[in-house]
Amino acid sequence: MASIELNRVSKTYPGGVRAVKEATLAFRDGEFIVLVGPSGCGKSTLLRMIAGLEGISGGTVSIGGRVVNDLPPKDRDVAMVFQNYALYPHMTVRRNMSFGLLRRRRHGGPVAWLARSQARREELAQIDRTVEETAATLGITALLDRLPRALSGGQRQRVALGRALVRDPAVFLFDEPLSNLDARLRIEMRAEIREMHRRTKATMVYVTHDQEEAMTLADRMVVMRDGVVQQAGTPAECYGRPANRFVAGFVGMPVMNFVDATAAAGGLVAPSLGTGTVLALPPGRWPTIPAGPATLGVRPDRVRVSAQPAPGALQAEVRAIEALGDRMDVVLSVGSARMVARVENDARLREGERAWAGIDLADAHLFEAGGDGDACRRIADRDD
Amino acid sequence: MSGRRHPILGTACAWTLLLAGTAVFVYPLLWMLGVSLSTPADAQAATVEGGFVWPSDPQLGNFREALAQIGSDNAAEPLRGFKDALANSVVVAVLVTLGTVLSSSLVALAFARMRFRGSRPLFLVMLGTMMLPGQVTMIPLFILFRNLGWVDTILPLVVPAFFGNAYFVFMYRQFIAQVPEALLEAARLDGLGWLGIWWRIILPLTRPVTAITAVFTFIGCWNDFLAPLIYLQSDEQATLAVALNSFRNQYGGVTKVHLLMAASIVTMVPCILLFLAAQKQFIEGLGKGAVKG
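Line by line, the protein sequences are chains Z and P. Take 0 as the starting number for the first sequence in numbering that gives the first Met the number 0 and just add one per residue. Take 0 as the starting number for the second sequence in numbering that gives the first Met the number 0 and just add one per residue.
Take these hints with a grain of salt, some might be off.
Taking CB as the label site, the calculated pair distances span [claimed, not checked]: (1) Z:E21 <-> P:G195: 33 to 41 angstroms; (2) P:M113 <-> Z:L113: 31 to 39 angstroms; (3) P:V89 <-> Z:R102: 33 to 41 angstroms; (4) Z:V254 <-> P:R4: 57 to 65 angstroms; (5) P:F224 <-> Z:R105: 47 to 55 angstroms; (6) P:G195 <-> Z:D144: 22 to 30 angstroms.
If we take Cβ atoms under 7 angstroms as the criterion, some of the chain Z residues that face chain P in the derived model are [unchecked claim]: (7) L52; (8) P72; (9) M79; (10) F81; (11) N83; (12) A85; (13) H89; (14) G99; (15) R102; (16) R103; (17) R104; (18) Y238.
Source of the hints: derived by calculation from the structure; they are not laboratory data. Only a predicted model underlies this, so the values are computations on that prediction, with no experimental measurement involved. Every residue, glycine too, gets a C-beta built ideally from N, C-alpha and C.
This is chain P alone, in the form it adopts within the complex (with noise of 0.2 angstroms):
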């Protein structure tokens, strides 16, 4: 292989192929960007045919246009809708992200660190929830909630984050396993019980776990269509990815391409921030390495 003996020849490849990956990946996004910037017709055409089309003449008031036009009509407040929706899905993907944080890091914790009867069993049963696939408890849910008044709320997608996410609690768990004990000892010298650990000592040292549950977790509730849909009946209630829903028609085809890549973008646009937040955070704590005392 290249790469000691031609260093040139190495690099060469190397930057091939991180240029081609960044390509198609890059793409996609930059076609929704053309897209979004061109004229209905425009737009259709390159849906069609599957071209690209980058505009001569960028009509911006796409943007503006197509917030108008998310979630309920109101021609008093023509952004209602999309405020609407973006309030519901902010709330919930905090909500969300903040149960997920505080369930898993707790639960984690007792299974790395206190001694009881069972633990290994139940944490296996736990990692086995894992290997369920959503479709499956899907409707058991639903009559769960249906049961419980919840529907037509954002209970059923709230509550269930802050019972754990055996995902994250295994995460969390391999990394508070390498919290030394004596750190632990020292803590309970100074007063603290197992929620003051948790809170004051775990927690802080935990911060790449967290970080990465939480982009993980806020970018997959923002996203979510499936949950909201099924759960959230009337359009006050609507998340951004159901309210987006609506650009289709009544027979689930995309007539008005340009104003969905436009609502689509600027949907996307937190979740690239989040990332970029959280990126400095994780990236730095995963380079410490492991934590000495």
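In isolation and in its complexed conformation, chain Z is listed as follows (with noise of 0.2 angstroms):
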């Protein structure tokens, strides 16, 4: 059993800073679990809490029902995967890979080889087979005598993922493993990692700054800012019922448009859309929105743009146009805010230009104003 309880884990620096702040999960076996957030949110801090390579302020980290708070990292049944790919420079691939299986041999030791026991010699053995196996199954087979100098960064990442798979742990951990790779490789190896899943059954706790890595790869993703879980469910949960006004900016590209407004009786006031601008609520959401400030959030392909005039659309001008290829990203001002729609192609929007944007509300979120912006929680909806 893999699974992984996490139970008001806290890390302090000394110095006071607080890297994570009680953060209480738990990842069931077998579960691909992605950790993500911006720089300093203290998701790689957390996956080290894990791994037992940073000491742990409060609460407790269980492995399998076991609490391994004073547990070394090689006690924990883990392995890991780091972003700079940490291979022994000194080492063949083979070297680099059979070495934690070395380490751990019940006949290793000068006594043992000494006595060149018949025990020493067949566990060497297998050791050599499960390295030439894992090799065989990542492609790596050619590789195995070269030293990491020699290789590629991808083909270093595939050792790394070979040392880790060798290990047969109970929990993968993947500390931004594909940061240092091009785009077309990172996706090539997102395949293979989750392949690896798909074979090993093994919960892997993967973390990651990018948002689209996150939502292609987890089973569940733990959105993190400034120590703290901002929401910890499905890809689909947190692309279609974030949390908070975080979450709804940072799941989901391009970002999400943000509009301040003011609920009123069947309807949004949003001045900074154009004077005197009410945008109608769809029949049936929010039914007992109080009155008041509200911050709407829209994603951009709800946005519609149009070069003509479109009913219950609002005058706009096209600040930039990103095309795409099959699709453009269009910034526009509308009155004095600034929102981007993601639509098909159409030549006739031109930089500069005016242009009709019409918003459409039927999947859009609203959320609480005032205060910490990021942290405003969603407002609850009729599918909540």
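Each chain sits in its own coordinate frame; assemble them with the hints.
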């Protein structure tokens, strides 16, 4: 069993910096969990506390039902894949992969070496076999006798994956393993990692700052900010029902459009979109919304742009167009607000010219207003 | 300056300087070689007048005669003295080199990577010991070793080497600081403790520093005259450096220059060989640049 329980786990560095604040999470055996968030949010620190590379200031970490706070990393049955591969530069690929297994042998040590026992020979042969099999799965058999400096970035990362795989741990930990690779290689390796998860069925905890990586890999994702868990849920939940403004703005590309508004009877008064703008609330949504300030969140793919006036559309000016081949991202000035729309290719839209923006509120979100903008919670809706 | 505008002139300047420098360094060695192959009279003349002598008839027998006269007198085994001195030098130099490399790298790992209270002040204190002239500690150390009963053994020469050498600790530390932390973390996950990390990761990765440390320590120890003179009192214990002293007469003068030169050349050979062997190592290592994971 390789479930992981984090119970009010905290990390405070000497000097008072609180990197992780009371994180309570439960990961099921075999789940692929992605810890995601901007730099400095505490995701790597949390991962390292699970690994045992970082001391735990408060709370408990349990792996497979047993509290591991005081266990050294080698006794926690975890394997880690690092961002900069961390391959031993003076050892061949084969040696890199077998190193951990060699250290854990039952028949190691000088006595066994002197005795040259049969058991020792068998153990070494088994280790060799494991390394060869794993190398074959990852397609790096030809590289086994090379040194890391003779490998490309992608090859090194495969070796790093192999090194973790041979150990057959209860938990795999990944610390931004693909950040050093180019975009194409990253997508290729993402598929490899997913394949690895499918094959091993092991629990995997993966750290990244790339929300797209999180969305494509995760069974569940944990969005963090400033050491606090903002939301833990499936990618669909984090995308479709973000807990607060931060999660809404972090998950999904391009970033959600946020508009200051005031909720009134049956409508949203949004003067920033143009004097006197009132957006009608879709029927049935936000049935119990109190009157007062709120922030409207609309995803770019719910904003329509046309060169001609359309019913219900707002006057806008096209600031910039980013052509992406099969679609375009259009940056608009709507009143005093800036919005991004993701639309199909339309040659009639041109930078600097007038356009008409239609906002579809069907999948929009409303957030409380005031204080720390990012922490503003999403206002409950009929689906919640 | 010449160089870019007058490539020929620039190269000529460089070559002139290099040749001049080489000549300055090589001349004493050639002088030694010349004197060692001369007759006693010619050698004495060269020494007194300071001229350069190159014998038309090289006296190769000088070498055998010199080695026979080193150290203790033993008619039955003429080269006994030389062999003893050679063995002593080798044992002491090898042990000191080993001790210095092992202890300095270990201490440097602690300073570079271990976080403990007082680490910084301790490091500065250690650096401070580099400012101490050896002469200041000579007498207190002798008293210490005499009280321990270690005089006339090689222990006073060898044991301190196993307690770290500030200069080399500093060098190792700078090098170890370049090793990525992730590498040590991976090692920890693989089950290594500090000693394992030192032996299997740090030492292999700091080979250039080890080469430098070994060469300088060996040569320094091989040539060390003062410490063996003080602590090794019997003839059988003497190292080569001390044994060469037997060519001086009781007034401190040198009458058998040709033999002294011959013996000195023989004494130099191991150091030259060691340097040639290690040279490839540390030049190659320094060229590799920073260690990447």
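Okay, the hints, checked on the actual structure:
Range check, E21 (chain Z) to G195 (chain P): about 35 angstroms between beta-carbon atoms, so the 33 to 41 angstroms window is met. Between M113 (chain P) and L113 (chain Z) the beta carbons are some 33 angstroms apart, a value that agrees with the proposed interval 31 to 39 angstroms. For V89 (chain P) paired with R102 (chain Z), a C-beta distance near 36 angstroms keeps the hint of 33 to 41 angstroms intact. The hint said 57 to 65 angstroms for the Cβ distance between V254 (chain Z) and R4 (chain P), and at roughly 58 angstroms that hint holds.
In this structure, F224 (chain P) and R105 (chain Z) meet the distance hint of 47 to 55 angstroms, their C-beta atoms being roughly 54 angstroms apart. Checked against the given bound of 22 to 30 angstroms, the beta carbons of G195 (chain P) and D144 (chain Z), roughly 24 angstroms apart, stay inside it. Contact between L52 (chain Z) and chain P, as hinted, is supported at the beta carbon level, the nearest pair being about 5 angstroms apart and thus within 7 angstroms. Look at P72 (chain Z): its Cβ gets to within about 5 angstroms of chain P, closer than 7 angstroms, so that hint holds up.
Interface hint at M79 (chain Z): satisfied, since its Cβ lies 6 angstroms from the closest Cβ of chain P, which is below the 7 angstroms cut-off. For the restraint placing F81 (chain Z) at the interface with chain P, the shortest Cβ-Cβ distance is roughly 5 angstroms, inside the 7 angstroms limit, so the hint holds. Taken as an interface hint, N83 (chain Z) checks out: its beta carbon lies about 5 angstroms from the nearest beta carbon of chain P, inside 7 angstroms. A distance limit of 7 angstroms between C-beta atoms decides the matter here; for A85 (chain Z) the minimum to chain P is near 4 angstroms, and the interface restraint holds.
Here the hint on H89 (chain Z) is kept, as its CB sits about 4 angstroms from the closest CB of chain P, short of 7 angstroms. Because the closest C-beta pair between G99 (chain Z) and chain P is about 4 angstroms apart, less than 7 angstroms, the hint holds. With a least beta-carbon distance of about 4 angstroms to chain P, the hint placing R102 (chain Z) at the interface is held under the 7 angstroms criterion. For R103 (chain Z), the shortest C-beta to C-beta distance to chain P is roughly 6 angstroms, which falls under 7 angstroms, so the interface hint holds.
Interface restraint check for R104 (chain Z): the shortest CB-CB distance to chain P comes to about 10 angstroms, outside 7 angstroms, so the restraint is violated. At about 32 angstroms, the closest approach between the beta carbon of Y238 (chain Z) and any beta carbon in chain P exceeds 7 angstroms, and the interface hint on this residue is violated.
Going down the numbered hints, you'll see the structure goes against 17 and 18, while the others check out.
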